[in-house]
Structure formats: C-alpha cells, structure tokens
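As they're listed, the protein sequences go chains A, B and C.
The letter at position 150 of the first sequence is residue 170 when you use my numbering, and the numbering goes up by one with no holes.
The letter at position 166 of the second sequence is residue 186 when you use my numbering, and the numbering goes up by one with no holes.
The letter at position 159 of the third sequence is residue 179 when you use my numbering, and the numbering goes up by one with no holes.
Since the hints were derived computationally from the structure, they do not count as laboratory data.
Note that this is a predicted model, so its numbers are computed, not measured.
It is possible that some hints are incorrect.
Any copy, or any two copies together, can satisfy a pair, since identical chains are not distinguished.
Said to hold, decoys possible - In silico SDA-like links for lysine to any residue, alpha-carbon gap of 20 Å or less:
id: 1; residue 1: 226; residue 2: 98
id: 2; residue 1: 123; residue 2: 182
id: 3; residue 1: 123; residue 2: 187
id: 4; residue 1: 91; residue 2: 36
id: 5; residue 1: 196; residue 2: 158
id: 6; residue 1: 91; residue 2: 33
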Amino acid sequence: MFKAEILGETLKDSIEALTIIVDEARVHLADGGIYARNADPSYVAMVEFELSVKAFEAYETDEEVITLDLKKMQDILELANRTDVVHVTIDENKMTLSFGDLKYTIALLSPYSIKKEPKVPNVESAAHVVITGKEFRWAVKAAAKVSDNIALGCVNTTFFMEAVGDADTMRLELSKDQLIDISRSDAKEEEVRSLFSLEFLIEMSKAIGKASEVSLDIGRNIPLKVGFDIADGNGTVTYLLAPRIEQE
Amino acid sequence: MFKAEILGETLKDSIEALTIIVDEARVHLADGGIYARNADPSYVAMVEFELSVKAFEAYETDEEVITLDLKKMQDILELANRTDVVHVTIDENKMTLSFGDLKYTIALLSPYSIKKEPKVPNVESAAHVVITGKEFRWAVKAAAKVSDNIALGCVNTTFFMEAVGDADTMRLELSKDQLIDISRSDAKEEEVRSLFSLEFLIEMSKAIGKASEVSLDIGRNIPLKVGFDIADGNGTVTYLLAPRIEQE
Amino acid sequence: MFKAEILGETLKDSIEALTIIVDEARVHLADGGIYARNADPSYVAMVEFELSVKAFEAYETDEEVITLDLKKMQDILELANRTDVVHVTIDENKMTLSFGDLKYTIALLSPYSIKKEPKVPNVESAAHVVITGKEFRWAVKAAAKVSDNIALGCVNTTFFMEAVGDADTMRLELSKDQLIDISRSDAKEEEVRSLFSLEFLIEMSKAIGKASEVSLDIGRNIPLKVGFDIADGNGTVTYLLAPRIEQE
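Kindly produce the complete structure, drawing on both the sequences and the hints.
Written out as structure tokens, the structure is:
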C-alpha cells in the first residue's frame, strides 16, 4: 500500500528522467522517499534517481519495490498540468493516478519482467564541470550536425565538447569564466577527454536541458557522470554513460 | 443557380462539421437556408445539419440539391481568413468560391455518386446533459489513452465518461454543479450507460471542441445524440452515433 | 585563402537562395564580393547570385572559385542566430564557420563534382511587374490547391496568376493599384502569358516570400525572371525558370 500526493511538475520530471534510460523501471518506495537505479538494456547507460518525501505533498508507504510502466505513465501525465496535484495510490498491483476530474487505474508490471539492479561502477574523475542545462543541450545538438560521437574534456580550466565526423568537425570551448564552475583533481595542464555516443546524450539532454545547473564528471576514457536536481532540490538524477574507444 | 455571401468562419465551421462524417455531402439549397443529412459509409454515424439564411450576408437560391466535394472545399478554405466574406456561386455543376483576390472554380460531384439520405432513427434518451465543447474534447482525449471505446452515462445526476482497456481504466465524473445542465426523464437513481467507438468521437470532438455548449442525449444501449450550434445560433449540427455492445 | 565576417541573417538568406536551385554550388570569391551562377540538374531553373563586399563585416580574398555543400552549411547555420556574426575562413579545401562558442570545420567539395556554369539566356520580356514577396508566396500556395502548373501573365495593366487543374481552376488578379509597379514594353491591350511548373515556384517562393519587393519579367512562352534583393540591397538574387508548353 502506497498513497501520495505530488505536484504534476515533479511527477512528470521524475518519469522523464527515468524514461530516458528505461521504459520500465524498478522503483523502491521507502520511508524516506523513493529511489531507483536502472540500466538501459545494453548496459551502456545507467540512471540513479532519488526523490525525498519533501518533494511530496503527502506520502505514506509500506516500503515496497514496484515495477512501473513509464511510457504509459508519461502518456497519461501529458493530460496533467504542471501545477495539478496528482494523487497516486498503489495497491495489489494496481496504480491509481487522479488529477482534475480524471481518474486512471493502470496495472503495475511484474517485478520479474525487468533485469536486476545494476551495480554503480566506481569512477574517479579528473575534472568536475558545472554548466547550465541549456548550454549542455545546445552543445549536444551542435555535435549531432557532424557526428554520432562526442568527446568531452578539459584543457587547463577550459571545458570542451568536440565532435569529429568523417569530413567535418565541431568544437565548443567554454573557458573558466563562461562556466558555472570547474575544478580539477589532477595536474591542470594535461588534457583529459573521453568519447561518448551522442545517441544517449541526445536523449539525456531532453531531461538535462531543463536543469539550471548540470554537473559533469569527466576523466580519461572513463564513464561520464551527469548530475542535476529536480523538485527544487528535493530530488537528484545521476546518469552514468560508458565511454567509447577513441580511434586516434 | 445559387448565389450567396458568407463569413469565412461560418463556411469553414459548416464544412468541418460535415466532413467529420462524410467526404462528399448531399446538400439542400432551400429558401429558408441550407440543410443536409448524411451518414458515414458504415452507417455507424450520421450528421444532421441546418444553416438558416440568417447565417448568410446575402442569399439567393433556385432550390436545388447538390453534391459537394467537402475535402476540396476544406483545402481551398484553408486560405480564407475567418473574417473574409466568401462569395459562393453555383451554376451548371460548377461552384465558384471567391475571397480576397482569389477566385476558385470547382466541379460539383454527380448527385448519383453518393448514397441516398439516411432515415433518422427515433431515439428515446433517458438523460440530457449539457457540457462545454472543451470538456467533451478533453474527456475523449483522456479516454483514448487506455481504450478504443468509451462509455457515456449517468448515475443520479452525475455524468460520467469511462474507458476500459485491457489492463487500464479511465473515469471522468462531473457532478451536477460541474455541468451546464443535466436532466433525467427516468428514475434518477438508476445507472444509464451506452458504449461508443472512440474513433468517431475523436473525429466529432474536433468540431465539437469549439462549441461553448454541447448537449448529449444518452440512454441504455441506444444511439448517442450530440448537438451544438454554429454561426452564432443560426445553424445547428446534430450527430447520431450508434452504440456498441458492451461485454460484461 | 578567404577570411570574412558576415551577419548570420545574410549568410542564411544567401545559402537559402542558392539551395532552392542546387545542393552544391560553385561560388566565385572575387575582390568586389562573391557571385554564383548555377542551374538545377534538369536545366529548367537557374539562379544568379551576387553579394557585394558591403554585405560583409570584414572581407579578404585571394580570388578563388570554390564548391560549397549548401545543405551541410544550411544544417549548421540553423544553430546561428540571425544577429550572430559568423566568421568564415576558407583554406586548403577546408571551410571554418565560427559563431557564439561554436566552431565548425567542414570540407569543401571537389570543383569537378558539379557541372560547369550555365549560360544565361537572352530573354525579352513584355511585362515587368513588382509585387510583395508575401503576395507571390500566397498566390503560389493558392495555385497548388488545384494544379501542378501556374500561368503568369498580364491583360492591360492587370497582372494575373492562373492555375488550371483537371476539373478546377484558381485565378488571382491584381490591378495596377494593387501592385507596387507594372510596366509593359508591348501593346498594352494584348494578353501576355507563360506557363510554369509549380514545383520550382513553390521552392523559390520560400526564399522570395521574405523579400519586400519581387520583380517578375513575363513574356509569351519565354522564361520567367524573378528578382529580389537580399542583405539590405547589398546583394541580388535572380531566378530564371523555363516555361512549359501550354495546351489549349
């Protein structure tokens, strides 16, 4: 049994953040709030998601683990305004979503239908960069004009995103004063870079694009860690994306 | 010979109301105005249409029955503004539509190309409900998220729309004070309901959605009657939609 | 070696004007500015293009002839604002486009990959008409409702565009006072007209539609000449379109 009230905006943003990685998500309904850790079918990308009870208008749970049909929820929530309060009840494999004059009852998925939770790899990044979600989304869009891959990296305290296609290249550079923040845990002079699939970053940038601040943890051929807040800081989303081998 | 002047808005709305049921319509050009009664090819839905001479800026007719290519008219009228006065002339199987600097001449269809006019079934409804066109369109959209069918009905003086899909359900309830009007001709306590194909209601809701008031006549497994005004009350549109058999 | 700075707006409009006729364009980078003359693969339509050095913020050239991949440039320039200054550098078969924080390097095409420049036919038109680009675009759109061809012509000092389909016709007439200008070099009473493929005019009308003034030179079954300014009068675009044989 789970019973909660949540702002349309928060619920929509939460579902979107998860749906970028998976269509069906295993979600923990715990005392302190809900959390989830899901990997995409190819294990290239992963999402860690947390939403504190503070993000809810009302919250009551028996501590369960459920499996949500995110695509169906997203489709239904298209009808909810961002300012609507959505009433969510979960009982005996049924979820009820009520808002305005509407009441939907949808089936939960079988917990056996999705893979078990992935382990989060230990990543030691060399640079920590903070930019606006808007700038991140823009750069990903710009890279897609010439390539399927994008390299993220730093030289000194300049952050760069670079796409190299068959004949064409794109490079975006943001120096320290164009960034919200940049810090390096290694020798500053050296170039750090890793290459990633644009396909996943394009998807992620849809959720990321709304965030006022996005943190990027970058190293040498290690997974990229992308973090941002939702629900006015009462929730966090962290994506991990495996690097590609860069051919020199 | 027919010669008339009509506001772009009224002509567009009239064509749209008809085109939801048929692509080609038999239309009577009578002394008091124009009227039409057409059924869709499967005879599941029907439209009755009336537009008084008061809806025209100028009107002159020899009393004819013509067959219109609605899709072509709709395509051409996309170029007319709602405030344009459209000059319509019909003579010897040719229709002329003039507005702005443009003049179109299009062929009328052969009167033998379409089926004869359907008879209007005698329907004794148990409940009469009046809601806004916007609310109706919204409910139809909400139902489409989970099913291909929608039930319309009343319990006491609460109106409901309910969609039941394979695993999921949607229910919208509007009590008496959320409706413009509701009246029952039978015992109020009993539930009345009929099931309809969403496919037709989605189409109808495009024309209905603009109406400030829509009347719904609902009974027990009988056709739904949907009525609304066009042309500032100088025209009426009535749709009849056959019910589906509801499986318990 | 070529190095220039140009307003995003001017560069976008220039590429668009050319791309309507060809995907790849041979362009001359001369001392006085850039110019190009390209025909479409079927030789039905041709564009003459000129952009004076006055249209640039900065301009430096070694006088070269290059071959541009217009579609790729257009795709990249979608990201540039109309008010951005775009830095263009061409060196050793590479073109660099920089604006905002972005820098693109794209390959030039081989000069042997496209046909040689077409000769401009000598056209003696009978009527010269000036209308707004908006009106031109509108008429082309209106003609497309009924036909694949459009006739442009004059009767006395009335300009007309006429489309004749299988069963339907469209006619737009603009008298002298509805036109910006009209002048005739032949006997005014006679009708002049030529028939053209709408396919090309629809494409052209995308670039033409933005121009405040468009000049049309029309004769009897001779090519149509369409001229308009870009870059605040510091550039000109002229399209030539071969006529179709009109069947009486």
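Status of each hint after checking the structure:
1. 226 x 98: Result: close both inside a copy and across copies, 16 Å intra and 19 Å inter.
2. 123 x 182: between (47 Å within a copy, 9 Å between copies)
3. 123 x 187: Answer is between: at 14 Å across copies they meet the 20 Å cutoff, but 54 Å inside does not.
4. 91 x 36: Result: close within a single copy only, 9 Å intra versus 33 Å inter.
5. 196 x 158: For residue 196 and residue 158, only the intra-copy Cα distance (18 Å) is at most 20 Å; the inter-copy one is 49 Å.
6. 91 x 33: For residue 91 and residue 33, only the intra-copy Cα distance (13 Å) is at most 20 Å; the inter-copy one is 36 Å.
The earlier numbered hints are all upheld by this structure, with none contradicted.
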